[in-house]
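Undergrad: Residue numbers (my numbering), protein chains in the order written: chain X, 1 to 211; chain F, 1 to 211.
Hints were generated in silico from the structure; no laboratory data involved.
All the given hints hold, so there is nothing to weed out.
Derived lysine-lysine pairs resembling DSS-like cross-links, with alpha carbons at most 27 Å apart:
#	chain 1	residue 1	chain 2	residue 2
1	F	154	X	101
2	F	154	F	130
3	F	101	X	150
4	F	191	X	101
5	X	154	X	130
6	X	150	F	104
Here are some of the chain X residues that sit facing chain F, going by a computed Cβ distance under 8 Å:
#	residue
7	23
8	51
9	104
10	107
11	112
12	115
13	138
14	140
15	164
16	165
The beta-carbon is built from N, C-alpha and C at its ideal position, and this holds for glycine as well.
Protein chains: 2
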Amino acid sequence: MRFLITAGPTREPLDPARYLTNRSSGRMGYALAGAARHDGHDVLLISGPTTLDVPPGVDFIQVETAQQMYDAVRDMLDGVDVAILTAAVADYRPVAYSEQKIKKQGERMVLELERTPDILGSMRSVFGFKGTLIGFAAETQDVESYARGKLERKQCDMVVGNDVSRSDIGFDSRENEVVLVFPDHVEYLEKDTKEHIAMHIIEHATIIRPK
Amino acid sequence: MRFLITAGPTREPLDPARYLTNRSSGRMGYALAGAARHDGHDVLLISGPTTLDVPPGVDFIQVETAQQMYDAVRDMLDGVDVAILTAAVADYRPVAYSEQKIKKQGERMVLELERTPDILGSMRSVFGFKGTLIGFAAETQDVESYARGKLERKQCDMVVGNDVSRSDIGFDSRENEVVLVFPDHVEYLEKDTKEHIAMHIIEHATIIRPK
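Isolated chain X, as found in the complex:
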């Protein structure tokens, strides 16, 4: 099967030096790419900036901004059976970009932000993607209910929820403990390495029938 996986944060620049971003090591997405490739699938990984090595045999596109990731996903969807969007895409970006480094002004500054394009939300409605669609929800409260809301709004087949407020499984950690939310049931995976969690998710991904 052909997998498309997104990973890492995006960076939304104000000027050449400053940017807005999200905490994300990219580990979960890279582990998923490695696990899918290990199982013999074709894998394309589209990633924001991380310090991780691309797993052997995985095709790779490097992006920086949410817009670049949106464009890359849209352009590479042809023939994809399973899309797993793990990237921590920045929701907002500065409205204006300054080519020169902005000099310090007063004690206060107001930064105007606008929404970035919604990649997961565009998969069905804009890109017409018919394959298996898996989203991620990194939350600090009510993880399962936010994950279910995301599943329904974005027409996913599965949403993986995790509680990033817990320091043992949060950002940058090597372990994770997740809840898999499906349209008709929920499954809890015990705390484990991101590599083992990835293997479980890839197994599920290959047997789900897209709606």
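Fit chain F to the known structure of chain X by using the hints.
TA: Frame of chain X, contents of chain F only:
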């Protein structure tokens, strides 16, 4: 001699997931710490988040925000002969921090920012530092004149200016080409590895007499 060196970016969080930061690999500061240690000096490196290894024999304090870096520098200045502040400290931070991940609202959002404490500018006037003070100026235009302005305003003995708009020597690159601005003269260093540039700067640092 005793050196205090700052390096890396700082991160200024809006909520547990999102933050504002500056591009900075930390390489120049880590190279300076390694070069100073190699020359037999006592070195304390105070660094924001980077992926670099701390040079052997260098004391290390990890920080995240500009405020934490400010506090660490102030608390560790006792007995320091030379302070080299290379960190790309964020100038502004969000006024409000949300303990819970902020949910997406409308198409636009306004982020209110306030100035972070000015570490370099506090060295003489607030901390009463009497040793040799070296600052860095990463600029995208008029590098030498901005560096000279910084030297004067912040009462430095030397400011190292570099042009980060050039992709060959800018953020994340392994080489640099800098101008050393002193109160009474200027010196241009040719493009070289950050390690070689660091050796030159450390040599200068040990012979400058603080004003």
